[in-house]
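Could you slot chain P onto chain D? The hints should help.
There are 2 protein chains.
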Amino acid sequence: MKSMTLKTGLLLSTVTTALALSFGAAQAQDRNITMAVSIPAATHGWTGGVVYHAEQAEKEIEAAFPNIDVVLSTASSATAQVSSLEDLSSTRKLDALVILPFTSEELTGPVAQVKEKGTFIAVVDRGLADPSIQDLYVAGDNIAVGANTATWLSDKLGGEGEIVVLRGIPTVIDDERIKGFSDVIGKTKIKILDIQYANWNQDEAFKLMQDYLAKYPKIDAVWANDDDMLLGVIEAVDQAGRKDIKYALGGNGMKQVIEMVKEGDERTPVSTPYPPSMIKSAMYMTAAQFAGQAPMRGSFLLGAPLITPENADQFYFPESPF
Amino acid sequence: MKSMTLKTGLLLSTVTTALALSFGAAQAQDRNITMAVSIPAATHGWTGGVVYHAEQAEKEIEAAFPNIDVVLSTASSATAQVSSLEDLSSTRKLDALVILPFTSEELTGPVAQVKEKGTFIAVVDRGLADPSIQDLYVAGDNIAVGANTATWLSDKLGGEGEIVVLRGIPTVIDDERIKGFSDVIGKTKIKILDIQYANWNQDEAFKLMQDYLAKYPKIDAVWANDDDMLLGVIEAVDQAGRKDIKYALGGNGMKQVIEMVKEGDERTPVSTPYPPSMIKSAMYMTAAQFAGQAPMRGSFLLGAPLITPENADQFYFPESPF
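Protein chains in written order, with the numbering used here: chain D, 56 to 377; chain P, 56 to 377.
Treat the hints with caution; some may be incorrect.
Repeated chains share a single entry, so a pair holds when one copy, or any two copies, can fit it.
Result set (DSS-like, lysine-lysine): computed pairs, CA atoms no more than 30 Å apart in a straight line [said to hold, decoys possible]: (1) Lys148 / Lys114; (2) Lys211 / Lys170; (3) Lys298 / Lys270; (4) Lys211 / Lys298; (5) Lys170 / Lys298; (6) Lys114 / Lys317; (7) Lys317 / Lys301; (8) Lys310 / Lys172; (9) Lys273 / Lys301; (10) Lys170 / Lys270; (11) Lys170 / Lys246.
The hints are simulated quantities; they were obtained by calculation from the structure and are not laboratory data. Keep in mind that this is a model prediction, so the values were computed, not measured.
Excised from the complex, chain D in its bound form (with noise of 0.2 Å):
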């Protein structure tokens, strides 16, 4: 409310800027639009995240901009997202659509067509196949994710030591995740004893991080590459009652790791976003390219910041399911 401009300051006069008062803004404010959002229904953890935060961001944005009507659409495969897309637009002018698409390849096309009308488009974490569709992309960033839990595992570890890796599905995500901890990791004296894929499944982390425990009698600390696997992880190291590992660490900033993080867990004292919440972004930046005429044409990579006791209420969404 307060406006404080320094004497060597040249700020334009008080009679032009109340002329102008909200007037570029006018244009967009004073028509309805609508804002479709389109995303996987939640048939795990993390698309149960999305689903979450976007029902959230949908009461948020209709609370903050009375013109701006936020209409949500969950599918549980590729071909369902395709039909509910053709649902959202026969019906109605969308000014805008948010997707987080199932499949690069089976949305790419149905996408354009919603595109062709004039839609702005909002893609979220997986891309199309056709990059110029999309208006705004927003992605988190996985070679951070695992840069930087290389460089605080590497720190307290003094730059040695042995540890085990998890893997998830082969995907460029996982791939991404490999190389980010991989080339830190590669700069130090820390040798990663074994590294094999648990398809981001808590069952199979349980029973590879078994097949670890019994392969290798001195293990200083285990990367899982995922919270959900490292739940897994955590579950066998326990139940073998090995009190070798100093650090398990995962990745993605689910609930009970950050409860773990909060409460300060000697073992699991860090975790890294790659958050559901990243759809509340995209539907936040969207809203503003309408409420607002501010420029949400581009790309937005979300940082992979640490989370810490300090700062993981930040990240820590306690009615959410993830």
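Here is chain P on its own, set in the frame of chain D:
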């Protein structure tokens, strides 16, 4: 207001959803948030636009999010901006600082001091010397400004012809624009007859274009690299009565040039945005971080889509000075 679910979708139960309503954001929304905004004063066209859009965003954000107080400060020099930061942060707890630094070198230390108090730091346009200080970075894409203009021009000229180019002030920004442009032109048969500096100054551009006109009897197109310089170029061309110049293009999305685009000017039918309204993008994104805990740490690179008669309204602020 409406929420659609495909029959195939698995939506969280309505009861859970209702219980969870905006709980996650409640922490942030319950308390008052102070967002300081520190920008250069309106010393020339582009910064005049920055001041205008920051003032607009202040009104809009305070109306949309009643618990957010925006405190706007302008400064006409790097030294004044350092003092203003001290004033802003000594008298109150800043939750967030959105800053367009006058210079990288002089502002890096003072912004780092604000950061140490736990303030969320959003940096716009000119980076700090230490990027680790910023939580959010918002910048335009100067490579794309040059490349998109060159691609359009090459199409229109059929990939051949003779052109002249004006450079700005020797800076990274100018280097990037020229590189984006030259890389595309280098793949065509278009010849750049001449390329010299005119320091993003309208008068200097006028004089340089007069030189070009005297030197080259036939010029197919001129790229002024910037809309301020473009106005000088056009004046020189019109005074000389030269009809050979098919296209005179700039870049930045200045109001007068967007008006030419809207009116279907044959010589200047397009521009590319490097919009002073990017301050709004940063302010809205910071607001979303606090209003909705939407993750906004990261790097947002604005695209530079061609501004054409069809979409010019989206880039047009009739009351803005720029």
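Task: Intra- versus inter-subunit Cα pairing at 30 Å for Lys211 with Lys298 - done: Only inside one copy: Lys211 and Lys298 sit 17 Å apart there, 70 Å across copies, limit 30 Å.
Open item on the list: Treating 30 Å as the Cα threshold, decide for Lys211 and Lys170: within, between, both or neither.
Closed with: between (49 Å within a copy, 25 Å between copies)
Open item on the list: I want to check one pair: Lys317 and Lys301. Are their C-alpha atoms no more than 30 Å apart within a copy, between two copies, both, or neither?
Closed with: Within one copy only: 18 Å inside, 64 Å across.
Open item on the list: Within, between, both or neither: how does the pair Lys273, Lys301 come out at a Cα-Cα threshold of 30 Å?
Closed with: within (11 Å within a copy, 74 Å between copies)
Open item on the list: Cα distance capped at 30 Å. Does Lys114 pair with Lys317 within a copy, between copies, both, or neither?
Closed with: Answer is within: at 28 Å inside a copy they meet the 30 Å cutoff, but 36 Å across does not.
Task: Within, between, both or neither, where Lys170 and Lys298 count as close if Cα-Cα is 30 Å or less - done: Neither: 56 Å inside a copy, 38 Å across copies.
Task: Same-copy or cross-copy closeness of Lys310 to Lys172 [CA-CA at most 30 Å] - done: Between copies, since 27 Å is at most 30 Å while 39 Å is not.
Task: Intra- versus inter-subunit Cα pairing at 30 Å for Lys148 with Lys114 - done: both (21 Å within a copy, 29 Å between copies)
Task: Status of Lys270 relative to Lys298 across identical chains (alpha carbons, at most 30 Å) - done: within (15 Å within a copy, 81 Å between copies)
Open item on the list: Treating 30 Å as the Cα threshold, decide for Lys170 and Lys270: within, between, both or neither.
Closed with: Close neither inside one copy (54 Å) nor across copies (46 Å); limit 30 Å.
Open item on the list: When Cα atoms must be at most 30 Å apart, do Lys170 and Lys246 count as within-copy, between-copy, both, or neither?
Closed with: Result: close neither inside a copy nor across copies, 49 Å intra and 36 Å inter.
In terms of the numbered hints stated before, the structure departs from hints 5, 10 and 11, listed from lowest to highest.
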